[in-house]
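Asker: Here's the letter readout for the chains.
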Amino acid sequence: MTGLDGLPLVTLVTFLPALGALVVAFMPTSRPNLARSVALGFALAAWVVSLVMLAGFDAGGAAFQFTEAVPWITAFGIAYAVGVDGLAMVLVVLTTTLTWISILASFGPITHRVKEYMVSFLILEVGMIGVFIARDLFLFYIFWELVLVPMYLIIGIWGGKNRIYATIKFVLYTLVGSLLMLVAILATAFTYQASTGSWDGAFAVAKLTAAGATSLFGGTFGFLAFGAFFLAFAIKVPMFPFHTWLPDAHVEAPTAGSVILAGVLLKLGGYGFIRFALPLFPEAAHTWAPLIIVLSLIGIIYGAIVALVQPDLKKLVAYSSVSHMGFVTLGIFVFQEQGMQGAILQMVNHGLITGALFLLVGVIYERTHDRTIAKMGGLAGLTPVYAAVFGFFVLASAGLPGLSGFVGEFLALLGTFAVNPWAAGIAALVMILGAAYLLWMFQRIFFGEPSAFLLGLRSHLSDMTPTEILTLAPLAALVVVFGLFPGILLDLIRGSVTSALAAVAAGSAITVEPLIPAVGLGIVVAAVIVQLANVVLGGGGAGEEQPGEAAPEGAS
Amino acid sequence: MNDLVTIAPFGLAVLLALVVLAVDLAWPGRRGPVLVTTLVGLAVVAAVTVAVGASGERVTAFGGSYVVDPLTTFLDLLFITIVAFTIVFAPDYLEPRGLPLGEFAVVLLFAMTGAMLISASADLLVLFIALELMVLPGYMLAGYHKTDGYSTEGAIKYFLLGSFSSAIFLFGLAFVWGMLGTTRIEDVRDALAGGAPLSAGLVMGLAFLTTGVAFKIAAVPFHYWTPDAYQGSPTPVTGYLSVGPKGGAFALILRLFAEALGPLSADWVQVVIVLAVLTMTLGNLVALTQTNVKRMLAYSSIAHTGYMLVGLAAFAVGRMEGLEGLLYYGAAYSVMNLGAFAVVAAIQRRAGVTSGLATFAGLVRREPWLAALMTLFLLSLTGIPPTAGFFAKYYVILAAVQASQDGHAALGVLAVLVVLNAAAAAFYYLRVVVYMFMREPDAEQPALAHGRLLWGGLAAASVLTVLLGILPGPLLDVVGQAARAIGI
Numbered sequence: 002m003t004g005l006d007g008l009p010l011v012t013l014v015t016f017l018p019a020l021g022a023l024v025v026a027f028m029p030t031s032r033p034n035l036a037r038s039v040a041l042g043f044a045l046a047a048w049v050v051s052l053v054m055l056a057g058f059d060a061g062g063a064a065f066q067f068t069e070a071v072p073w074i075t076a077f078g079i080a081y082a083v084g085v086d087g088l089a090m091v092l093v094v095l096t097t098t099l100t101w102i103s104i105l106a107s108f109g110p111i112t113h114r115v116k117e118y119m120v121s122f123l124i125l126e127v128g129m130i131g132v133f134i135a136r137d138l139f140l141f142y143i144f145w146e147l148v149l150v151p152m153y154l155i156i157g158i159w160g161g162k163n164r165i166y167a168t169i170k171f172v173l174y175t176l177v178g179s180l181l182m183l184v185a186i187l188a189t190a191f192t193y194q195a196s197t198g199s200w201d202g203a204f205a206v207a208k209l210t211a212a213g214a215t216s217l218f219g220g221t222f223g224f225l226a227f228g229a230f231f232l233a234f235a236i237k238v239p240m241f242p243f244h245t246w247l248p249d250a251h252v253e254a255p256t257a258g259s260v261i262l263a264g265v266l267l268k269l270g271g272y273g274f275i276r277f278a279l280p281l282f283p284e285a286a287h288t289w290a291p292l293i294i295v296l297s298l299i300g301i302i303y304g305a306i307v308a309l310v311q312p313d314l315k316k317l318v319a320y321s322s323v324s325h326m327g328f329v330t331l332g333i334f335v336f337q338e339q340g341m342q343g344a345i346l347q348m349v350n351h352g353l354i355t356g357a358l359f360l361l362v363g364v365i366y367e368r369t370h371d372r373t374i375a376k377m378g379g380l381a382g383l384t385p386v387y388a389a390v391f392g393f394f395v396l397a398s399a400g401l402p403g404l405s406g407f408v409g410e411f412l413a414l415l416g417t418f419a420v421n422p423w424a425a426g427i428a429a430l431v432m433i434l435g436a437a438y439l440l441w442m443f444q445r446i447f448f449g450e451p452s453a454f455l456l457g458l459r460s461h462l463s464d465m466t467p468t469e470i471l472t473l474a475p476l477a478a479l480v481v482v483f484g485l486f487p488g489i490l491l492d493l494i495r496g497s498v499t500s501a502l503a504a505v506a507a508g509s510a511i512t513v514e515p516l517i518p519a520v521g522l523g524i525v526v527a528a529v530i531v532q533l534a535n536v537v538l539g540g541g542g543a544g545e546e547q548p549g550e551a552a553p554e555g556a557s
Numbered sequence: 003m004n005d006l007v008t009i010a011p012f013g014l015a016v017l018l019a020l021v022v023l024a025v026d027l028a029w030p031g032r033r034g035p036v037l038v039t040t041l042v043g044l045a046v047v048a049a050v051t052v053a054v055g056a057s058g059e060r061v062t063a064f065g066g067s068y069v070v071d072p073l074t075t076f077l078d079l080l081f082i083t084i085v086a087f088t089i090v091f092a093p094d095y096l097e098p099r100g101l102p103l104g105e106f107a108v109v110l111l112f113a114m115t116g117a118m119l120i121s122a123s124a125d126l127l128v129l130f131i132a133l134e135l136m137v138l139p140g141y142m143l144a145g146y147h148k149t150d151g152y153s154t155e156g157a158i159k160y161f162l163l164g165s166f167s168s169a170i171f172l173f174g175l176a177f178v179w180g181m182l183g184t185t186r187i188e189d190v191r192d193a194l195a196g197g198a199p200l201s202a203g204l205v206m207g208l209a210f211l212t213t214g215v216a217f218k219i220a221a222v223p224f225h226y227w228t229p230d231a232y233q234g235s236p237t238p239v240t241g242y243l244s245v246g247p248k249g250g251a252f253a254l255i256l257r258l259f260a261e262a263l264g265p266l267s268a269d270w271v272q273v274v275i276v277l278a279v280l281t282m283t284l285g286n287l288v289a290l291t292q293t294n295v296k297r298m299l300a301y302s303s304i305a306h307t308g309y310m311l312v313g314l315a316a317f318a319v320g321r322m323e324g325l326e327g328l329l330y331y332g333a334a335y336s337v338m339n340l341g342a343f344a345v346v347a348a349i350q351r352r353a354g355v356t357s358g359l360a361t362f363a364g365l366v367r368r369e370p371w372l373a374a375l376m377t378l379f380l381l382s383l384t385g386i387p388p389t390a391g392f393f394a395k396y397y398v399i400l401a402a403v404q405a406s407q408d409g410h411a412a413l414g415v416l417a418v419l420v421v422l423n424a425a426a427a428a429f430y431y432l433r434v435v436v437y438m439f440m441r442e443p444d445a446e447q448p449a450l451a452h453g454r455l456l457w458g459g460l461a462a463a464s465v466l467t468v469l470l471g472i473l474p475g476p477l478l479d480v481v482g483q484a485a486r487a488i489g490i
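Chains as they are written, first to last, in the numbering used here: chain A, 2 to 557; chain B, 3 to 490.
Which residues of chain A face chain B? A few of them, derived with a C-beta cut under 8 Å, are: (1) T75; (2) I143; (3) L149; (4) V150; (5) L154; (6) I165; (7) V172; (8) L173; (9) V177; (10) L180; (11) L183; (12) A188.
Cβ pair distances, simulated, as ranges: (13) F454/A with E442/B: 23 to 31 Å; (14) P199/B with S216/A: 40 to 48 Å; (15) W179/B with P72/A: 46 to 54 Å.
One side of the interface only, derived from the structure: several residues of chain B facing chain A at Cβ under 8 Å: (16) L400; (17) Q404; (18) A417.
The set of hints was computed from the structure by calculation and includes no laboratory data.
Every residue gets a Cβ at the ideal spot worked out from N, C-alpha and C, and that includes glycine.
The shape of chain A in the complex, shown without the other chains:
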């Protein structure tokens, strides 16, 4: 089955942006507006195709739909095999939606090398969609790495002051994880080949998943291979303590780059856990789960506390990502239905809400060329529309019931509670902390008397433009819809959740010793003290703003 009217819809949605990139690449440099509109056109086309797929997707039907398979490297049984289940479908639509919004949001801010920027963005979209649709491990890895290059360029060329340091850090972190995953992928495929005697299907996700259910990849091998997958995905999510590339990348990336980074790239890690790490290595997943749960809890707390003390608005949102994404890994690794549902919902909602917050940060940065919270104040009186929209997304991010941010975290907590009340209790407390840093930030920026800094910029301080409202309106609508009717999403992902849980034999008890979170808390407290000391001593932020001699350009 390939889709409506026999069209290969999955291939279409994946490679339309590639075609777009090709077209834009051959456009004259002297006409940036043409490049902008053509890129937007292709992104919108991909979006429409993904919506057509969504409309044709049968939530009660086969697990994987719109499947296509063409042999590719026959010597190793590698195939171009693609298809989507509910989870992939949702994430593909999230990707296509955020991509056109990001491209539209780049019209104003990106003024130099527009053509190259649009090409990078469209190729980025190919890689992101490809990761979600790949049904072949080799193909998956190719798309996974493909994401790296355009993001590297986007941060490195169109980023802020320390962009080169940030982009190299981003690439090196991601590359270390993903290359070890490559070794694990090959070892897995070869184990399969050795057991069946043929390369046929050795990279096919469906066959490997079935083999994983028979504990073919168990024992020490499974433990190590899961470790390699874990590293790759944990860096991408990012989980504490692999998160340090994220604040740098976010702060230096252009607005649209941050949107995609938070909105889609971080989801690749969560998706990888659900799609590959759990079904292939169920045994190892159970072994690793306690550690991952503890790290998630630490991430949730650590991200929130560090966000609390950030003087930079964008960095605050970046650290809040670390905290919010902790709920994703927490929800996945409690192996409970609600937990898994919560994790997936959190992935989607974090994409929408944090994406929107980064867009909003971009709005103020465009006008003031500054993001220091302390310099702001009283903005509500100057730009009322902006304040209202910002307030809306801050509440959504803080998890106000009725908006979508609440549902994912709530479900993840529910699942966690069933397994370990301690862990759920700790995570729930942090939701209060989340409200604290978000509302405090909001208050400092928007309430009170307008600051001298803002008054000095008065003439530039226009309220939101129609384009900016257009980029945020769909996100706001989705936040409300998913907040009130999470059932829409839950229906779509039901099959994926069930099969993921069946793969790891849901229900087996996990004991997280109460002591472990305590130890984790100790580590966090120590880390926070260090961070605070940094701020007090004038080190600036999280102490990661000074690249120092290690910066790549230092070698010149």
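Fit chain B to the supplied structure of chain A, relying on the hints for placement.
Answerer: Positioned in the frame of chain A, the structure of chain B alone reads:
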């Protein structure tokens, strides 16, 4: 007569070198006739090579000292490709510096005949003569820019250490001959096949041979000549040196170690593993600190040698995929590295432009296409899919992983080291991209006019770099056949 047919590719290559020499004498200083003769001649040699090797059978000539099998054919075609690319890329660099193209082509062709003879050697003495035939023109090429102090210095270093290592190698051959009483590769193999404990003489021979070969492929710690020789040589020569003689030396390893000394693989694989670890790690670490792109590529070439040695190690413990991976890597590396050097050479078209990183600052502004192509080659060298470099690394790692699951744990460690090294290498390859795309140039320079020949060559190299990455099938068949010629 049959013997003459069998050696036809080699004979024609020698003839071609002589014809080009005559052409250069007839029209001194003209590039057109030389280029046309060389490229057409290479095409003919390639066609004949394919025709002679088409049967896929193992054919010997001259009393069994010369052999044509699929491995010979594959390597010959690789050498021909390397030389063709080098010739195509050379004029843009040589002409502004007043260096003649004619002699360059002739010397290069003679080097190619040496490499072709190595791949066809079935006798240790022929192997040694072939090795010398390949490296002697290399010394001349390294010193080709004779008014340039660095070029001369590099050539002298290359020559002294090269001769020294040849002598060590020859000494090792003498031991093998003395202990076994034969220099025929097949007979050596049979004599060793018994599995008897090694005699002291053979151990000595093995040690000398390994050392000599390690010099030739620039494996750490026998690599000291490489950076100076590479940096000092004219850029097109550096490109050639980094793939041509290296490919030849690997051909020698295959003929000598994999084939003749195959029964001793359990003994020499230990050394190969240690060499692989040292070579890829040190090559990469030193490359990290380089600020000259040519020198960086020289050290990275050492690292790539290390990756290829991993394939050899996997083969030595019984995995055909190791040998296939090694051959695939050789082909992929040749194409992408020649491409990268061609871009460096093109940027240096104006005499006096150095290959320092600063030269690359803001390149995308004045030469967007060169910057884009360089990025492609560098990504491929890093091993990012979907490029040739990625699939080559994939293959080598796969072989190592398989070997480790056969019970050779050391190979598993090698696989992990390969990927960690690849990640480290990303740093210095991408630094060039950073300079090209994310830095402003120190001073505005006009774009240079590049010949159509260069663009054609670059187009071919980039197409191959992408094709070998996304459609590896055809080449996989070829390397599979070539690898089976040696067998386990």
